[in-house]
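*Asks:* These are the residues of each chain, in order.
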Amino acid sequence: MSILIDDRTKLLVQGITGREGNFHTTQMQAFGTNVVAGVTPGKGGSTSAGVPVFNYVEEAVRETGANASVVFVPGRFAGDAVMEAAAAGVELIVAISEWIPVHDSIAAITFARSHGARVIGPNCPGLTSAGKAKIGIMPNYLFQEGRVGVVSRSGTLTYEMVDELSSRGVGQSTVVGIGGDPVIGTSFLDVVTLFDADRDTDLVVLIGEIGGRDEEIAAEYIAGRQGKPVLGFISGRTAPPGKRMGHAGAIITGGEGGPEHKVDALRRAGVQVFDTLGALADRAAEVVGATAAV
Amino acid sequence: MKLQEYMSKDLLRQGGIAVPAGRVAETPDEAAQIAHELGGRVAVKAQVLVGGRGKAGGIKVADSPEEARQAAQQILGMDLKGLTVKKVLVEQGIDIDVEYYAGITVDRSQQSMALMLSAMGGVDIEEVARDHPEAIQKVRIDPGYGLRPFQCMQAMYAGEFGGPINELAGIVTRLASIAEADDAVLAEINPLVVTKDGRAMAADAKIEIDDSALFRHPSLAPYKDEAGDDPIELYAARHGLPYVKLDGNIGVIGNGAGLVMMTLDIVRQVGGRPANFLDIGGGARADVVRKAIEIVLMDGKVDGIVMNIFGGITRGDEVAKGLLEAASTMAVRVPIAIRLAGTRAEEGQELLIGSPFEPVGDVASAARAVMARAGSATVPAGS
Numbered sequence: 001m002s003i004l005i006d007d008r009t010k011l012l013v014q015g016i017t018g019r020e021g022n023f024h025t026t027q028m029q030a031f032g033t034n035v036v037a038g039v040t041p042g043k044g045g046s047t048s049a050g051v052p053v054f055n056y057v058e059e060a061v062r063e064t065g066a067n068a069s070v071v072f073v074p075g076r077f078a079g080d081a082v083m084e085a086a087a088a089g090v091e092l093i094v095a096i097s098e099w100i101p102v103h104d105s106i107a108a109i110t111f112a113r114s115h116g117a118r119v120i121g122p123n124c125p126g127l128t129s130a131g132k133a134k135i136g137i138m139p140n141y142l143f144q145e146g147r148v149g150v151v152s153r154s155g156t157l158t159y160e161m162v163d164e165l166s167s168r169g170v171g172q173s174t175v176v177g178i179g180g181d182p183v184i185g186t187s188f189l190d191v192v193t194l195f196d197a198d199r200d201t202d203l204v205v206l207i208g209e210i211g212g213r214d215e216e217i218a219a220e221y222i223a224g225r226q227g228k229p230v231l232g233f234i235s236g237r238t239a240p241p242g243k244r245m246g247h248a249g250a251i252i253t254g255g256e257g258g259p260e261h262k263v264d265a266l267r268r269a270g271v272q273v274f275d276t277l278g279a280l281a282d283r284a285a286e287v288v289g290a291t292a293a294v
Numbered sequence: 001m002k003l004q005e006y007m008s009k010d011l012l013r014q015g016g017i018a019v020p021a022g023r024v025a026e027t028p029d030e031a032a033q034i035a036h037e038l039g040g041r042v043a044v045k046a047q048v049l050v051g052g053r054g055k056a057g058g059i060k061v062a063d064s065p066e067e068a069r070q071a072a073q074q075i076l077g078m079d080l081k082g083l084t085v086k087k088v089l090v091e092q093g094i095d096i097d098v099e100y101y102a103g104i105t106v107d108r109s110q111q112s113m114a115l116m117l118s119a120m121g122g123v124d125i126e127e128v129a130r131d132h133p134e135a136i137q138k139v140r141i142d143p144g145y146g147l148r149p150f151q152c153m154q155a156m157y158a159g160e161f162g163g164p165i166n167e168l169a170g171i172v173t174r175l176a177s178i179a180e181a182d183d184a185v186l187a188e189i190n191p192l193v194v195t196k197d198g199r200a201m202a203a204d205a206k207i208e209i210d211d212s213a214l215f216r217h218p219s220l221a222p223y224k225d226e227a228g229d230d231p232i233e234l235y236a237a238r239h240g241l242p243y244v245k246l247d248g249n250i251g252v253i254g255n256g257a258g259l260v261m262m263t264l265d266i267v268r269q270v271g272g273r274p275a276n277f278l279d280i281g282g283g284a285r286a287d288v289v290r291k292a293i294e295i296v297l298m299d300g301k302v303d304g305i306v307m308n309i310f311g312g313i314t315r316g317d318e319v320a321k322g323l324l325e326a327a328s329t330m331a332v333r334v335p336i337a338i339r340l341a342g343t344r345a346e347e348g349q350e351l352l353i354g355s356p357f358e359p360v361g362d363v364a365s366a367a368r369a370v371m372a373r374a375g376s377a378t379v380p381a382g383s
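Taken in order, these protein sequences are the chains called A and B.
Using the working numbering, read the first sequence as starting at 1 and increasing by one per residue.
Using the working numbering, read the second sequence as starting at 1 and increasing by one per residue.
Because the hints were derived from the structure by calculation, they are not lab data.
Mixed in with the good hints there might be a few duds.
[Said to hold, decoys possible] Calculated pairs, DSBU-like style, for lysine-lysine (alpha carbon to alpha carbon, straight line, at most 35 Å):
no. : chain 1 : residue 1 : chain 2 : residue 2
1   : B       : K2        : A       : K228
2   : B       : K206      : B       : K321
3   : B       : K301      : B       : K196
4   : B       : K196      : A       : K243
[Stated by the list, open to error] Distance windows between CB atoms, simulated:
no. : chain 1 : residue 1 : chain 2 : residue 2 : range
5   : B       : K138      : A       : D80       : 47 to 57 Å
6   : B       : G146      : A       : D80       : 16 to 26 Å
7   : B       : L83       : A       : G32       : 50 to 60 Å
8   : B       : L83       : A       : G45       : 50 to 60 Å
9   : B       : L83       : A       : G65       : 11 to 21 Å
10  : B       : D63       : A       : D275      : 15 to 25 Å
11  : B       : M330      : A       : D275      : 51 to 61 Å
[As the list claims (entries may be wrong)] Covered stretches of chain B (in silico footprint by chain A; criterion: 3 or more residues with CB under 8 Å from a CB of chain A, positions within the stretch not fixed):
no. : segment
12  : 39-52
13  : 56-64
14  : 85-94
15  : 148-154
16  : 171-177
17  : 208-215
18  : 292-304
Note that beta-carbon positions come from the ideal geometry of N, C-alpha and C, so glycine has one too.
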């Protein structure tokens, strides 16, 4: 199985004719993703990366049956792009764009939910189901098919984590980057819940960072269930309060969002939290090995 | 972008919220002139972005223009928690009967804006949240409909607000509209007061505008230089590089916010003190790497630099080229150790062989190598 995306995913790329959109479309195709359409207003009727381009999303969905979309348009237009995809009936909308105004994210996520769509991101690297499909910008070569689900707020830390796992022969089911903004469409809790229900995932790896309470909220759920083992890592352990560490959402404010609280909450929920990704990957190799042997 | 009190009050006034009459002054003479125009008692308030200005001596009451001049003389140029006061707000004095708190903030877990109200005004809301969480009323704001008057009234009655409730609720609904219209991520009135003659008004205000939305608010651009950022941070921001100044001596450069944060943690774990956070982002070319090194070296305290690159879109050979370009175009006065992995890492490593920047296998080793060569003072791990 895997979660959220697989070989039935028919992907639409919003902003396909831009530099990033075009490059990553070819990368996603190389990974095996079925990219069925692109949208760039004014470029309808052309092709980009061998994919037909439409002027607007509703037309693209009508003509191609796209059921997922990835948004590469600049942040100031991205909220609108997410809404357009949701209004056209796209079920999964992955917003890669950074610098989306928070008020736009709030409106777009609320609107998408009211149309039955799920938003991943914004400001995220996307998601990958190893051996099946990739949406977003994660490097293709990292992945190995397997039974570990990874969820992370950071892009490069995700890559590094997957690299550590793959180099130990520990493959992944699905890897989800939920994004570094304060307001995001899909939370740790949402993804851990999906991994719990996925028959092809045996172990969950959660890579959190300072800011907000998303890790704590997931910890409450993890503590109260009989589910799969979870291994954790929190970055920004030494970040000073009040400073925004690159990600718009990575900031400790008024006693909320500090790393100790997150580590404590996860540990109390039975999650093993590690100081390095290498140590986490070592443990993952033991756990998955043990599970496979049962 | 955090706005000074006087700018925040400008936005409130434009949005129809009552604030004390007053203007900003940059000299004692101007302060006296404003006090003369206002007549009677005035407050002279330092305009700096730090909390606890009153306790630190940054707010004084004056009964005459001459006293206002003296107060401004004392406050202007004053150092408040590391920031120099360049402006004072001279405001008509008000007789306060009751102090409340009202704030609009981003509620991350609800993916919405939220209203926070408390009858315990005039103190730091974070203290109230910690010591008296029951004294805070929180209302989720539906992005489709905005904050409705009944929600305000309900929360005010539940929170035991008294006095001119209709007027207070009017202020709070307007505050929510301002937050929406101006892309605020925080819009706070503290205290929201009722005066002895029964008027409701904003006695102090703090607004923070979403940096990602500044393109929609060109009128706020002039405020950017007063946002209180460190000069190196401002310079880096102008070059599109997220940089945060820290207090140590080991410069840190990496690609991706999470990776850089982890690198700071590792530098600490091996006993070093990071001097900064700098994220070169995804897909950085050689010139960006060179600029990043220049920015880190602007901090005179830096004794060495640790670079941590995990190439995804970023290519290891480009980073190596940038490093070599930096060395050939400027004086790199400190040791640099680099950990290079991911896309084209091997090509990058080959380029660096024989240069002063030989790649190191992992971040901890890179940090140790730099610290040893910098002869930097170390602190115990975990401090």
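*Asks:* I'd like to know which numbered hints this structure contradicts. Please list them from smallest to largest.
*Replies:* 1, 2, 3, 4, 5, 9, 10, 11, 12, 13, 14, 15, 16, 18
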